[in-house]
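> Below, each chain spelled out in residue letters.
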Amino acid sequence: MRLLIVDDDVLMLKALKFRMSKDGYDVDIAEDGRKAIECIDNCVYDLVLTDVMLPFKNGLEIVQHIKNKEGLKTKVVILSAVGVENAVTDGFAIGADEYITKPFSPSELSIRVKKLLATS
Amino acid sequence: MVNNIVSILFLIFCLTITSSNATNKNDKIDSLLVDDSLYNSSSSFMNKAQLKSELKSIGFKDYIDAGLNNEDKFVRFSYRMIIALLIIFISTFIFIISNRFVAEYLKRKKSNINDRVEELISIYISIDKDSESESDEIYMELKSFLKNKTARRIILKNILSVDNSFSGESNIQLRKLYTKLNYDKRALQKLRSESWAIRAKAIRELSQMDIVETTDIIRKSLDHINPVLRLEAGIALLKLDKANPFSFLDVDRELTTWQQMNLLEIIRKVKSLKVPNFKRWLYSKQESIIEFSIKLISYYQQLDAVDELKLLLTHKSATVRFELVKCLGTLEMEEVIDDLIVVYESEKEEAVRLQCIKSIAYLGGEASIVFLEKVLLSGISVEMLVAAIAIRESGVMGTIKLKEYLNTEDVQLLKVLKHALDENLIDSK
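Taken in sequence, the protein lines are chains A and B. Following the working numbering, the numbering of the first sequence begins with 1 at its first residue and continues without gaps. Following the working numbering, the numbering of the second sequence begins with 1 at its first residue and continues without gaps.
No lab work stands behind these hints, which were simulated from the structure alone. Check the hints yourself; a few may be wrong.
Below, simulated DSSO-like cross-link-like pairs (lysine-lysine); rule was C-alpha separation at most 27 Å, straight line [to be verified]: (1) B/K358 with B/K279; (2) B/K157 with B/K147; (3) A/K17 with B/K143; (4) A/K35 with A/K75; (5) B/K274 with A/K102; (6) B/K310 with A/K102; (7) B/K110 with A/K17; (8) B/K358 with A/K22; (9) A/K17 with B/K176; (10) A/K17 with B/K358; (11) A/K57 with A/K75; (12) B/K279 with B/K239; (13) B/K147 with B/K110; (14) B/K295 with B/K310; (15) B/K110 with A/K35; (16) A/K22 with B/K143; (17) A/K17 with B/K185; (18) B/K180 with A/K102; (19) A/K17 with A/K114; (20) B/K358 with B/K374; (21) A/K35 with B/K107; (22) A/K102 with B/K201; (23) B/K239 with A/K102; (24) A/K17 with B/K180; (25) B/K348 with B/K310; (26) B/K269 with A/K102; (27) A/K17 with B/K109; (28) B/K220 with B/K185; (29) A/K22 with B/K157; (30) B/K143 with B/K157; (31) A/K102 with B/K242; (32) B/K176 with A/K102; (33) B/K310 with B/K274; (34) B/K274 with B/K201; (35) A/K22 with A/K114; (36) B/K348 with A/K102; (37) B/K180 with A/K22.
All of these numbers come straight from a predicted model, not from anything done at the bench.
Build out the structure end to end from the sequences listed, making use of the hints.
What follows is the structure, encoded as structure tokens:
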């Protein structure tokens, strides 16, 4: 299973990458929306974990980009901070599969990802 | 950088001394040569032997031997100047280059430490609870960094940053790591600092890391002269003082609007806060504390405080009266309408009067509509407009009521009604 994690917080990226790698996934990371789109265009991911507030292109644009690609069955999990609940609703409206609010427990995220991938 | 500046200044100083020395000697030579020419041309008080011995005494043997004239001296002086300037230029260049190398080296070293610390902390929060040996290894490596001040800062920055992003078991692990690395003790030391900024940072850190043991020490900062430090202490107590989180209201210090906003923001975020009855602070000596308590009564909907609030409606401070009227509106108890009408009729402050209209409108009911109609015909434009908008917002019946007045010959009322009923303005809202 291949995962893409998108967040502008490098420490968060590293921590999540380590955690997800430990769970047995192949993990790619991107620090901004533009790089994320590049990764999505060049590789097929089973799941994308993306923050909402990102440089260049925001998380919702990434969701939109994934959902616009025909035949792509990539699941999307939105990582949102408290106070951007509207973005989560918008994310669901355009096809996001799950969301998790920061701060979150890495174990909880791990379980949610596992469940989501099991249903795909 | 400072070293560079000092060295350059020293070189300039040396050059000045050398050139001034040379100038002094040249001046003396010049005067002697003038004497010499005088000696050749006419009778003089100084003979050649005297001149020679004088020149020797000031160490300018070459001058005597070569019989240098003023032009030669200028060339020599220019050479010296060029050499001095060259020395300055080269030394400055060396300093700049070496500084760059040092800065680059330090930057790279800092980046390497940062990368390693990020990696270690990322691993640390993801380790299984039962894998103690792995977490001990990480702890030992992080501990080895602690001798270096920059590394210490990097570790702290990373711990605080991760703590903000994650919750649950990871936070518990991180907080353990924080205390194990003695950061709590360092923060306590910072609390003794003379600088309010260092103390404020330490308070924020201890509060984020939930170091409950420091509550009493933090409390001391509530009475500090600096408002930022007082605010940090107040916020920290909201998180740390589980038994009495609002104890910062007991301190007889002003709570600025900015502080109140920040505290309200934190109050909204902190979960399972032990909420006291805020009416006990309604008689504080500090008006801003009364003001803030009223806001909290409104926020927590403490209906049992209504009687005390009503008693304060004649308070000397217009800000307090304003907050009281606003709060009574939000408590949604229709029986306070009569009290608000009394305040409206006796009030001179426009802001309070307008708030009375808004609160009465918010409370609704028959009495409210009767009052709003009275205000609509009061002849005071601003109040008429607020009342008209309130009537319109009360529902369809309100709009119908306003339209009934459209036949009026009162130009002022007509303008107000047209504005309140303007579809464009309603839509834009």
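> Now tell me, hint by hint, if it's right for this structure.
Against the structure, the hints:
1. B/K358 with B/K279: Satisfied, since the Cα-Cα distance of roughly 24 Å is no more than 27 Å.
2. B/K157 with B/K147: holds, 16 Å
3. A/K17 with B/K143: holds, 24 Å
4. A/K35 with A/K75: Given that 27 Å is the threshold and the Cα spacing comes to 18 Å, the pair holds.
5. B/K274 with A/K102: holds, 24 Å
6. B/K310 with A/K102: Given that 27 Å is the threshold and the Cα spacing comes to 42 Å, the pair is violated.
7. B/K110 with A/K17: holds, 23 Å
8. B/K358 with A/K22: violated, 59 Å
9. A/K17 with B/K176: holds, 23 Å
10. A/K17 with B/K358: violated, 53 Å
11. A/K57 with A/K75: holds, 19 Å
12. B/K279 with B/K239: holds, 22 Å
13. B/K147 with B/K110: holds, 14 Å
14. B/K295 with B/K310: OK: B/K295 and B/K310 at ~15 Å, within 27 Å.
15. B/K110 with A/K35: holds, 26 Å
16. A/K22 with B/K143: Holds, at about 25 Å.
17. A/K17 with B/K185: violated, 32 Å
18. B/K180 with A/K102: holds, 26 Å
19. A/K17 with A/K114: Since the Cα atoms of A/K17 and A/K114 sit roughly 15 Å apart, the hinted pair holds (cutoff 27 Å).
20. B/K358 with B/K374: Holds, at about 14 Å.
21. A/K35 with B/K107: holds, 26 Å
22. A/K102 with B/K201: This hinted pair holds, its Cα atoms lying about 23 Å apart.
23. B/K239 with A/K102: holds, 19 Å
24. A/K17 with B/K180: The given pair, whose Cα atoms are some 26 Å apart, holds under the 27 Å limit.
25. B/K348 with B/K310: holds, 18 Å
26. B/K269 with A/K102: holds, 13 Å
27. A/K17 with B/K109: holds, 24 Å
28. B/K220 with B/K185: holds, 17 Å
29. A/K22 with B/K157: It holds: about 25 Å lies between the C-alpha atoms, which stays within 27 Å.
30. B/K143 with B/K157: Cα-Cα ~15 Å, so holds.
31. A/K102 with B/K242: holds, 24 Å
32. B/K176 with A/K102: holds, 21 Å
33. B/K310 with B/K274: It holds: about 26 Å lies between the C-alpha atoms, which stays within 27 Å.
34. B/K274 with B/K201: holds, 25 Å
35. A/K22 with A/K114: holds, 13 Å
36. B/K348 with A/K102: The given pair, whose Cα atoms are some 48 Å apart, is violated under the 27 Å limit.
37. B/K180 with A/K22: holds, 25 Å
Comparing the model with each numbered hint stated earlier shows that hints 6, 8, 10, 17 and 36 do not hold.
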